[in-house]
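A.B. asks: Chain by chain, the residues:
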Amino acid sequence: MAKTLRQTDDGTARELEYVTDPDEQLEKKPGTRYGAAELGFRHYWYPAFLSRQLGKKPKSVMLLGENLVFVRANGRPYALFDRCVHRGMQLSEGKCWTEGTITCPYHGWTYRLRDGELIAALTDGPESAVVGKKGKGVRSYPVEERNGVIYVYMGDGNPPALEEDVPEELLKPEYVFEAVTSVWNSNWRPAVENGYDASHATYVHRYSLRWRTQFNLPPAWAGKVESQVEGKYLIQRRRGPFGFEANYPGFGLWPRHAWLRKALAKARKKFGPKGTPMIAGVRLPCLIVNHYSYYSHIRYSIPIDAKHTRNFQMLAGRFHGLKALAFRLQYWLWHRWVFHKWFNEGQDKWIVEHLDYSAPEQFFRPDSSIVQLRKYFEKNARTSDPIDGMKE
Amino acid sequence: MAKTLRQTDDGTARELEYVTDPDEQLEKKPGTRYGAAELGFRHYWYPAFLSRQLGKKPKSVMLLGENLVFVRANGRPYALFDRCVHRGMQLSEGKCWTEGTITCPYHGWTYRLRDGELIAALTDGPESAVVGKKGKGVRSYPVEERNGVIYVYMGDGNPPALEEDVPEELLKPEYVFEAVTSVWNSNWRPAVENGYDASHATYVHRYSLRWRTQFNLPPAWAGKVESQVEGKYLIQRRRGPFGFEANYPGFGLWPRHAWLRKALAKARKKFGPKGTPMIAGVRLPCLIVNHYSYYSHIRYSIPIDAKHTRNFQMLAGRFHGLKALAFRLQYWLWHRWVFHKWFNEGQDKWIVEHLDYSAPEQFFRPDSSIVQLRKYFEKNARTSDPIDGMKE
Amino acid sequence: MAKTLRQTDDGTARELEYVTDPDEQLEKKPGTRYGAAELGFRHYWYPAFLSRQLGKKPKSVMLLGENLVFVRANGRPYALFDRCVHRGMQLSEGKCWTEGTITCPYHGWTYRLRDGELIAALTDGPESAVVGKKGKGVRSYPVEERNGVIYVYMGDGNPPALEEDVPEELLKPEYVFEAVTSVWNSNWRPAVENGYDASHATYVHRYSLRWRTQFNLPPAWAGKVESQVEGKYLIQRRRGPFGFEANYPGFGLWPRHAWLRKALAKARKKFGPKGTPMIAGVRLPCLIVNHYSYYSHIRYSIPIDAKHTRNFQMLAGRFHGLKALAFRLQYWLWHRWVFHKWFNEGQDKWIVEHLDYSAPEQFFRPDSSIVQLRKYFEKNARTSDPIDGMKE
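So the protein lines, in turn, are chains A, B and C.
First residue of the first sequence: 6, per the numbering used here; consecutive thereafter.
First residue of the second sequence: 6, per the numbering used here; consecutive thereafter.
First residue of the third sequence: 6, per the numbering used here; consecutive thereafter.
Read the hints as simulated data drawn from the structure, not as lab findings.
Among the hints, erroneous ones may be present.
[Unchecked claim] Straight-line alpha carbon distances no greater than 25 Å define the calculated DSS-like cross-link-like pairs of lysine-lysine that follow: (1) K100/A / K138/A; (2) K100/A / K354/C; (3) K267/C / K100/A; (4) K100/B / K346/A; (5) K138/C / K138/A; (6) K312/A / K64/A; (7) K100/C / K346/B; (8) K380/C / K237/C.
Take the sequences, apply the hints, and build the full model.
C.D. replies: Next up, the structure:
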């Protein structure tokens, strides 16, 4: 049981057990699936690369703790398990002598990209007995490329349709989006939880430039946070009564400088674009979606290993023609730097990397969003049985 | 049982068990308190910072394996356990919005510095239910500031008076002292033991400048080393017959160049200040004191974790007015560089960091100082029971 | 049992157990001597330094996981276990006040280099009681210096004659040789196995400059690889039918650019020196020997610890007078850079350091060389009993 040191009423300090609602702390409880999912949930499609990142040179990547090698052949991306079955060498250090094959750099074992079958063992001649034998191929992974993103199915059995797993903003032609990737030095779960965390934004991001421009006047606290399943998402809504400024006993006024925010909000109401409140949602396996007035922010926090997460962040809007161009331009001139680089890569990355996720926890009212996220993932994540997984 | 390889008489080499007096090697014996005290002895006051090192910005420090955050408010220093009870964030990365409180950087949980109580959860409004609830505060540590040093009580229960634990040279107004801190990459025990080690000085420090000027003619060996309890110290005295130079069978003359030392000592007797032999003492929890002719050297070797030690070194003298000023001047022009930086930070740090403290040991006559230190610490260190600890 | 992920026939992917001949994978089987020999085989002579690398200053080196200190006295090299029995300090940081002794830098314990006996404890005076006592010496190692190389016997009991363990090219006066040392970040076994690996050369080294000049036309594959014991070596011979170029189904022609190689080989036959095919051999404890037309390449891959190997590489030829000089000149102008630095230090080092030696394996025909090497070492390595070891 988690313990901590604190000063007790009689002046002595002792190690105390935390007294918390056992339902809340799923990831601390042994035997839970969310608690065990240090390396993420399998049996889902995950984005692996942006199309522009993959060419004819093999590229290695770790996803959910597995080493994969990706390579493009005849225009199509392929993925294999990145270890030659012969002696354990990395295939990603090898060469694609012909399109559609990859050759191990050690003894020339050559695999077909399509299915991982061993088609030649060069240094044993064209009639080598190992070729075509059972058990000599490497695992191949189902891969799909859509709208500039390469997805890989990390699981057993036949994969579901891509549309089952990937937000429509990234698949349907009526949307445009721009993307950025980055690596955070943390487990993937605090990264996802932080994205759905109802109250950290009003403190951590309060003084960020982006926040100020997107909202009329963000409340400093809310009476209630509710999560409910809507399609494939768990959607969070903050209910009133809302608080904007108050005197805290023993502390004083907070937020500071609220008058400035109010004045800005007032001016904004008059001159600025109409803003609608942000809606935040999470989705399995590791997606965070924020809907803003005219665009959506979609973030995958993909497990690399237990201590590293690859963030795939996309800003998507429903635009055509010139408007689509303007959206892209705005992204490259503003959002990429202010939203993606500063806001997410700066403030959120800093938080998540400094957090001791293994520490005991004490929840308060706004944390119902975290509790509901954990329960939703626990209950709805696909299981290891592919048939079962497909039923979802 | 500790083993080592050696060549035996019949020409074979085998792993041999060390045959040593079991009383000597306390830190190797399971079940001893000294052996278990990898992270130091709790229930003592320890120096944490020099006053000039702490301002209104929170500062984290690790002592005895615990993370603490120190901050100054209304001129007074405070210390809390450096982890927000909410989600495990470091408080030391937070902000002091008002003097006397510290706010977690993640969700604005705000603690009173004085006692660690949670007085506000900013993002849950002024009426948050977590405020004032049992078990939501962080541990606060007793802190005292005296003569430019900030002390913290690392233990349970009510702390004893500071005078119980801290040498009078650092507390009484009739003394002046100057201090320097540093980190050694070693456990704290070899650092303390090295300071009390009767014989290493005559070899390691024999050719250091400081040694030569402080002593008339240091003996190369002594007939006996005696330790006895004097007040709060274990004091070591070297007894004769003393040796200054000899022919060692199979080796030859040692020390080399003793004639030069003798000549210098002779000249020194005529022209130099009268020197009195150094007295060395140790004191719980991790203090080494050396009394020289007109000043004392006091060193705390404070456990950071099992492999790092913070050395708090002070040179103290009983001076007033102009003499005090002269003493400080001498420190900054001479002792700081020759004594603290070269002698201690150079030679002793090098020794202690290179030593394999986990190796088996074979003691010789001068090591009685080490044996007596270990026995004294083993017997006299305060126990985990605060009442018991107070009785000492 | 080793497992891997692969795509099965029915489209599902599962963890499959590798099905391999249990005789092949000696180093994966618990209970085998080769599998346990992570730190190498003891009871052999190993080269430790080149003569020119050792002077009167003590030098530490790790061999087979043991720390040794080497030093030269009166022209002879000596080796002791590099840890003072007193407090565990490294003797290699100490000083040789007189030729034939080494003094610990901490308290002046002084050992005789010849046998490791403690002959003085300087800081305890010339009559110290520890001197001459049983169990106070450090282990000394048998050391021999021949033709510019310093050898040490890493084992128990009386060592065999150096001639038992070291190739005659390095001992007999009719040979000249030049040497180079380097450290690889891998275990010693993949380094030795790679040197004896029959098929990697035709793929890894096919495009290296050295290969092209040494051979007429290297076959790309061979019908059979045979190993047989010849004296102290296990010698490998590749038998036909040999293949030089072929069309591989589903892959195409390999090797590429064979026409260029053929043309070069043709020209070479006319104008170049007559080449004889290379013969490869291995020898206990960790030797690889390649015999070329007019010289031999001898490599020791000596275990430092489980993850580092010191390669001692030598090129030896049977030459006298001016021819010997020419051989040395050729080495320094050509072989050292092309053979030792590029070929071995470049290509082989890269392979061995990238290999996951702990991965499951699937062997093919040419791997019979690896299998035979493992079986030979397993059966013939000296045991821990010195008498037994001598019988070999």
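A.B. asks: All the hints need checking, so say for each whether the structure fits it.
C.D. replies: Hints, one by one, checked against the model:
A threshold of 25 Å between alpha carbons decides the hint, and for K100/A with K138/A the separation of about 23 Å falls inside it, so the pair holds. With a CA separation close to 19 Å, the supplied pair K100/A and K354/C stays within the 25 Å bound. A hinted pair counts as satisfied when its Cα atoms are at most 25 Å apart, and K267/C with K100/A qualifies at roughly 24 Å. Straight-line distance between C-alpha atoms of K100/B and K346/A comes to about 24 Å, which keeps the hinted pair within the 25 Å bound.
For the proposed pair K138/C and K138/A, the alpha carbon gap of about 68 Å is over 25 Å, so the pair is violated. For the hint linking K312/A to K64/A, the alpha-carbon distance of about 21 Å falls within 25 Å, and the restraint holds. Note on K100/C and K346/B: the hinted pairing holds, with a Cα-Cα distance of about 24 Å set against a maximum of 25 Å. Between K380/C and K237/C the alpha-carbon distance is near 15 Å, which keeps this suggested pair within the 25 Å criterion.
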